[in-house]
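Enquirer: Taken in order, these protein sequences are the chains called S and G.
Under the working numbering, the first residue of the first sequence carries the number 1, and numbering increases by one thereafter.
Under the working numbering, the first residue of the second sequence carries the number 1001, and numbering increases by one thereafter.
Keep in mind the hints are simulated off the structure, nothing from the lab.
From the three backbone atoms N, C-alpha and C, an ideal C-beta is built for every residue, glycine too.
Be careful, since some hints might not be right.
[To be verified] DSBU-like cross-link-like pairs, simulated, lysine-lysine; straight-line CA separation at most 30 Å:
#, chain 1, residue 1, chain 2, residue 2
1, S, Lys77, G, Lys1025
2, G, Lys1124, S, Lys104
3, G, Lys1097, G, Lys1226
4, S, Lys77, G, Lys1134
5, G, Lys1058, G, Lys1016
6, G, Lys1171, G, Lys1039
7, S, Lys104, G, Lys1058
8, G, Lys1039, G, Lys1124
9, S, Lys104, G, Lys1097
10, G, Lys1129, G, Lys1144
11, G, Lys1144, G, Lys1097
12, G, Lys1058, G, Lys1084
13, G, Lys1058, G, Lys1129
14, S, Lys104, G, Lys1257
15, S, Lys104, G, Lys1039
16, G, Lys1257, G, Lys1226
17, G, Lys1016, S, Lys2
18, G, Lys1025, S, Lys104
19, G, Lys1025, S, Lys66
20, S, Lys77, S, Lys66
21, G, Lys1058, S, Lys77
[Unchecked claim] For the chain S half of the interface with chain G, some residues (derived, Cβ under 7 Å), not all of them:
#, residue
22, Val38
23, Glu100
24, Met103
[Said to hold, decoys possible] FRET-style restraints, in silico, Cβ to Cβ:
#, chain 1, residue 1, chain 2, residue 2, range
25, G, Lys1002, S, Gly108, 40 to 46 Å
26, S, Ile118, G, Asn1194, 52 to 58 Å
27, G, Lys1002, S, Ile118, 51 to 57 Å
28, S, Val12, G, Asn1041, 18 to 24 Å
29, G, Ser1031, S, Gly108, 24 to 30 Å
30, G, Lys1237, S, Arg19, 38 to 44 Å
31, S, Pro56, G, Met1001, 43 to 49 Å
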Amino acid sequence: MKSCLVVDDSRVVRKVARRIIEDLGFSCEEAEDGVFAVAACQKAMPDAILLDWNMPNMSGIEFLEKLRTMPGGEQPKVVFCTTENDMSFIQRAIMAGANEYIMKPFDGEIVATKFSQIGLI
Amino acid sequence: MKTVDFDVYKNMLYEKSGLVITTDKSYLLESRLAPVIKKWNIPDMVALTDKLRGIPDKQLVEDIVDAMTTNETMFFRDQKPFDKFRDLVVPAVLKAKGPNCTIRIWSAACSSGQEPYTLAITMKENAAKWAGIKFEILATDLSKEILDQAKAGKYSQFEVQRGMPIMMLVKYFTQTGDTWTIKDDIKQMVKFQNFNLLDPMDQFGTFDCIFCRNVLIYFDQPTKGKILDKMSKRLAKHGTLFLGGAETVLGITNSFKPLEGERGVYVHSDAPPPAK
Ligand SMILES: C[S@@+](CC[C@H](N)C(=O)[O-])C[C@H]1O[C@@H](n2cnc3c(N)ncnc32)[C@H](O)[C@@H]1O
């Protein structure tokens, strides 16, 4: 079973995302900010990461930059999932090594399409 | 709604667009026509029905047909047809017509443009590999209103998000607030034209590939058969037809046969089996 880490400071969003991702056949872990996400990745690299942008302590983009320097950190497919919908943010995310980008609000169909386009399902 | 009233709409829709509606959908009529009634300042459905019994305004009829047809579409819808276009169709045309040919494609019910623009983007993405080839994309639809949207090439965040990979969104669109506009060089690759699939198709010449997806499902068997037979005359010998996921030629026409092992892909019934 493939694994996915959901990183978002909103418990509600994590719950919604977890439902969607488990329905796609993934096992799911949650982290409430970038710091917790780094810890989770040090323990076990997931196959996929669904990543919010704005979070306390360590933002999504900071986490992604850190992740890509960690051993095995080039492995996970990273999909941003954020209310930041400006082209400049998207470009920055791509530069930092994001594989896909979802602009909130999102639904199961959007997550499924994005996951399938980057070969996760 | 009374059956006689329902029949006014049923007959009109069938004659103008081929769309078949059944009595169990009469609730749909009322809800979808509510905006039309409002736009035309008509008091209610009864008054609208009366208007249609006379010689109705052409624009009113168009608005009703528009309101009743489904425009649902998305970029890279089902993905596979576009992969197959790249991996099967283009090589087959190159084999038949040579490396510096023109490949003509018809998106035969293009709705708001996602299908033809997906094709145009596929061509851009493969531009290096397909350097000698000239592509022509004709995109047609019955609805003038939806064609205007297609030509404008403006999409909401929701629309681009359903199917457009992020790398391509960044490459081929510009952003103004929540609106994403397809760039001019992609727009210019597609020619849009108003066309009813019930009409003769002789004006179009010959295509190497026809996308006729998610429109035949709304028609009855005889209408599907007639459209497919006309299309087969517009498709080159080596040509390929793509239908939607819920559509088939089987039991409808003998002009086409499924391409072995490829779902949703059809070729002329007398086409030789593909070389392995
Ligand atoms: C569901 S959309 C399909 C769009 C696209 N081909 C796809 O697969 O996503 C169906 C389109 O068919 C158009 N249509 C319906 N009847 C038609 C007719 N008789 N001739 C041409 N287009 C028609 C509608 O206006 C609508 O835009």
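Enquirer: Hints first: check each against the structure and report whether it holds.
Expert: Right, here's what the structure says about each hint:
{"no.": "1", "hint": "Lys77(S) to Lys1025(G)", "verdict": "violated (45 Å)"}
{"no.": "2", "hint": "Lys1124(G) to Lys104(S)", "verdict": "holds (28 Å)"}
{"no.": "3", "hint": "Lys1097(G) to Lys1226(G)", "verdict": "holds (29 Å)"}
{"no.": "4", "hint": "Lys77(S) to Lys1134(G)", "verdict": "violated (36 Å)"}
{"no.": "5", "hint": "Lys1058(G) to Lys1016(G)", "verdict": "holds (11 Å)"}
{"no.": "6", "hint": "Lys1171(G) to Lys1039(G)", "verdict": "violated (39 Å)"}
{"no.": "7", "hint": "Lys104(S) to Lys1058(G)", "verdict": "violated (42 Å)"}
{"no.": "8", "hint": "Lys1039(G) to Lys1124(G)", "verdict": "violated (41 Å)"}
{"no.": "9", "hint": "Lys104(S) to Lys1097(G)", "verdict": "violated (46 Å)"}
{"no.": "10", "hint": "Lys1129(G) to Lys1144(G)", "verdict": "violated (35 Å)"}
{"no.": "11", "hint": "Lys1144(G) to Lys1097(G)", "verdict": "violated (34 Å)"}
{"no.": "12", "hint": "Lys1058(G) to Lys1084(G)", "verdict": "violated (40 Å)"}
{"no.": "13", "hint": "Lys1058(G) to Lys1129(G)", "verdict": "violated (47 Å)"}
{"no.": "14", "hint": "Lys104(S) to Lys1257(G)", "verdict": "violated (43 Å)"}
{"no.": "15", "hint": "Lys104(S) to Lys1039(G)", "verdict": "violated (33 Å)"}
{"no.": "16", "hint": "Lys1257(G) to Lys1226(G)", "verdict": "holds (16 Å)"}
{"no.": "17", "hint": "Lys1016(G) to Lys2(S)", "verdict": "violated (51 Å)"}
{"no.": "18", "hint": "Lys1025(G) to Lys104(S)", "verdict": "violated (34 Å)"}
{"no.": "19", "hint": "Lys1025(G) to Lys66(S)", "verdict": "violated (56 Å)"}
{"no.": "20", "hint": "Lys77(S) to Lys66(S)", "verdict": "holds (14 Å)"}
{"no.": "21", "hint": "Lys1058(G) to Lys77(S)", "verdict": "violated (53 Å)"}
{"no.": "22", "hint": "Val38", "verdict": "violated (24 Å)"}
{"no.": "23", "hint": "Glu100", "verdict": "holds (5 Å)"}
{"no.": "24", "hint": "Met103", "verdict": "holds (5 Å)"}
{"no.": "25", "hint": "Lys1002(G) to Gly108(S): 40 to 46 Å", "verdict": "holds (41 Å)"}
{"no.": "26", "hint": "Ile118(S) to Asn1194(G): 52 to 58 Å", "verdict": "violated (38 Å)"}
{"no.": "27", "hint": "Lys1002(G) to Ile118(S): 51 to 57 Å", "verdict": "holds (54 Å)"}
{"no.": "28", "hint": "Val12(S) to Asn1041(G): 18 to 24 Å", "verdict": "violated (45 Å)"}
{"no.": "29", "hint": "Ser1031(G) to Gly108(S): 24 to 30 Å", "verdict": "holds (26 Å)"}
{"no.": "30", "hint": "Lys1237(G) to Arg19(S): 38 to 44 Å", "verdict": "violated (51 Å)"}
{"no.": "31", "hint": "Pro56(S) to Met1001(G): 43 to 49 Å", "verdict": "violated (58 Å)"}
Of the hints listed earlier, those the structure fails to meet are numbers 1, 4, 6, 7, 8, 9, 10, 11, 12, 13, 14, 15, 17, 18, 19, 21, 22, 26, 28, 30, 31, in rising order.
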